[in-house]
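A.B. asks: Those protein sequence lines, which keep their order, are chains A and B.
Under the numbering used here, the residues of the first sequence are numbered 2 to 121, in order.
Under the numbering used here, the residues of the second sequence are numbered 555 to 661, in order.
It should be emphasised that the hints constitute simulated quantities derived from the structure, not laboratory data.
Some clues are possibly wrong.
[To be verified] With a Cα cut of at most 25 Å, we get these calculated DSS-like pairs of lysine-lysine:
{"#": "1", "chain 1": "A", "residue 1": "Lys-13", "chain 2": "B", "residue 2": "Lys-596"}
{"#": "2", "chain 1": "A", "residue 1": "Lys-20", "chain 2": "B", "residue 2": "Lys-596"}
{"#": "3", "chain 1": "A", "residue 1": "Lys-24", "chain 2": "B", "residue 2": "Lys-661"}
{"#": "4", "chain 1": "A", "residue 1": "Lys-13", "chain 2": "A", "residue 2": "Lys-24"}
{"#": "5", "chain 1": "A", "residue 1": "Lys-64", "chain 2": "A", "residue 2": "Lys-13"}
{"#": "6", "chain 1": "B", "residue 1": "Lys-661", "chain 2": "B", "residue 2": "Lys-596"}
{"#": "7", "chain 1": "B", "residue 1": "Lys-661", "chain 2": "B", "residue 2": "Lys-593"}
{"#": "8", "chain 1": "A", "residue 1": "Lys-64", "chain 2": "A", "residue 2": "Lys-14"}
{"#": "9", "chain 1": "A", "residue 1": "Lys-64", "chain 2": "A", "residue 2": "Lys-20"}
{"#": "10", "chain 1": "A", "residue 1": "Lys-24", "chain 2": "B", "residue 2": "Lys-596"}
{"#": "11", "chain 1": "B", "residue 1": "Lys-661", "chain 2": "A", "residue 2": "Lys-20"}
[Stated by the list, open to error] Among the chain B residues that face chain A by a calculated CB cut under 7 Å, a handful are:
{"#": "12", "residue": "Ala-597"}
{"#": "13", "residue": "Pro-598"}
{"#": "14", "residue": "Leu-600"}
{"#": "15", "residue": "Tyr-603"}
{"#": "16", "residue": "Ala-638"}
{"#": "17", "residue": "Tyr-641"}
{"#": "18", "residue": "Ser-645"}
{"#": "19", "residue": "Pro-649"}
{"#": "20", "residue": "Leu-650"}
{"#": "21", "residue": "Phe-652"}
{"#": "22", "residue": "Gly-655"}
These figures come from a predicted structure and were not determined experimentally.
Even glycine gets a Cβ: it sits at the ideal position worked out from N, Cα and C.
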Amino acid sequence: QVQLVQSGPEVKKPGASVKVSCKASGYNFIAYYIHWVRQAPGQGLEWMGRINPENDATTYVEKFQGRVTLTRDTPSSTVYMELTHLQSDDSALYFCARGNDFRNYEFDSWGQGTLVTVSS
Amino acid sequence: DIQMTQSPSSLSVSLGDRVTITCRTSQSINNYLNWYQQKLGKAPKLLIYAASNLQTGVPSRFSGGGSGTDFTLTITSLQPEDIATYYCHQSYSTPLTFGGGTRLEIK
Numbered sequence: 002q003v004q005l006v007q008s009g010p011e012v013k014k015p016g017a018s019v020k021v022s023c024k025a026s027g028y029n030f031i032a033y034y035i036h037w038v039r040q041a042p043g044q045g046l047e048w049m050g051r052i053n054p055e056n057d058a059t060t061y062v063e064k065f066q067g068r069v070t071l072t073r074d075t076p077s078s079t080v081y082m083e084l085t086h087l088q089s090d091d092s093a094l095y096f097c098a099r100g101n102d103f104r105n106y107e108f109d110s111w112g113q114g115t116l117v118t119v120s121s
Numbered sequence: 555d556i557q558m559t560q561s562p563s564s565l566s567v568s569l570g571d572r573v574t575i576t577c578r579t580s581q582s583i584n585n586y587l588n589w590y591q592q593k594l595g596k597a598p599k600l601l602i603y604a605a606s607n608l609q610t611g612v613p614s615r616f617s618g619g620g621s622g623t624d625f626t627l628t629i630t631s632l633q634p635e636d637i638a639t640y641y642c643h644q645s646y647s648t649p650l651t652f653g654g655g656t657r658l659e660i661k
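The task is simple: from the sequences and hints, build the whole structure.
C.D. replies: Here you go:
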């Protein structure tokens, strides 16, 4: 079955960077986009960007341009999300999700989430 | 960017109720509208895609409707496991956006 497994929680100081991984299994890794969505405590869902594992093409939300980088490692079916220059309002639960471009581009499978805490 | 207006933001409900949540978009998105259920501390779960298609494994008491700019999610006969927050999501154009969420609470 389709599974996305993310790396564990992170605690970072302001100004630092964080890199979260998302390992995919149970399907053809290069056939589906991987998206990243974050959720601040008590808040809604915010899309950050996506990567096409087939060709490494990325799209980022303008708000995160220059601070977020999505990369992939095809042999291990893993996508990475790196966020730099962290501030306290980057403290959130970060999810990866598979985008189903064969249907309605909906997010049909999600990782379990990675809690990133930014604190001095 | 396409703005998503979801209402209500919260709803007090009783078990067995029929619940309707609405989502309005700032421009037409055809049927590129999806619905998710999120329980506290968990990842969202896809319920409905393409406005009205039930994801495999989702109970038939969930249904979706609408097209263009106005969409609905309906839960007939609310069950205890349906207490959660629900989000609409447009997959028509980037940046992809979500509604603000509708939190269901038991009366």
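A.B. asks: Next, verify each hint and record whether it holds.
C.D. replies: Verification of the hints:
1. Lys-13/A x Lys-596/B: holds (22 Å)
2. Lys-20/A x Lys-596/B: holds (21 Å)
3. Lys-24/A x Lys-661/B: violated (40 Å)
4. Lys-13/A x Lys-24/A: Given pair Lys-13/A, Lys-24/A holds - Cα atoms ~22 Å apart, limit 25 Å.
5. Lys-64/A x Lys-13/A: holds (21 Å)
6. Lys-661/B x Lys-596/B: holds (23 Å)
7. Lys-661/B x Lys-593/B: Roughly 18 Å between the alpha carbons, so the hint for Lys-661/B and Lys-593/B holds.
8. Lys-64/A x Lys-14/A: It holds: about 21 Å lies between the C-alpha atoms, which stays within 25 Å.
9. Lys-64/A x Lys-20/A: OK: Lys-64/A and Lys-20/A at ~18 Å, within 25 Å.
10. Lys-24/A x Lys-596/B: Status holds; Cα separation ~18 Å.
11. Lys-661/B x Lys-20/A: violated (42 Å)
12. Ala-597: holds (4 Å)
13. Pro-598: holds (6 Å)
14. Leu-600: Hint on Leu-600/B: holds, closest Cβ of chain A at ~5 Å, below 7 Å.
15. Tyr-603: Since chain A brings a Cβ to about 4 Å from Tyr-603/B, closer than 7 Å, the hint holds.
16. Ala-638: Status violated, d = 13 Å.
17. Tyr-641: This hint holds: Tyr-641/B lies near chain A, its Cβ roughly 6 Å from the closest one there, short of 7 Å.
18. Ser-645: Holds - the Cβ of Ser-645/B comes within 7 Å of chain A, reaching about 4 Å at its closest.
19. Pro-649: holds (5 Å)
20. Leu-650: It holds, given that the least Cβ distance between Leu-650/B and chain A is near 4 Å, below 7 Å.
21. Phe-652: holds (4 Å)
22. Gly-655: holds (5 Å)
The structure fails hints 3, 11 and 16 (numbered hints given earlier, in ascending order).
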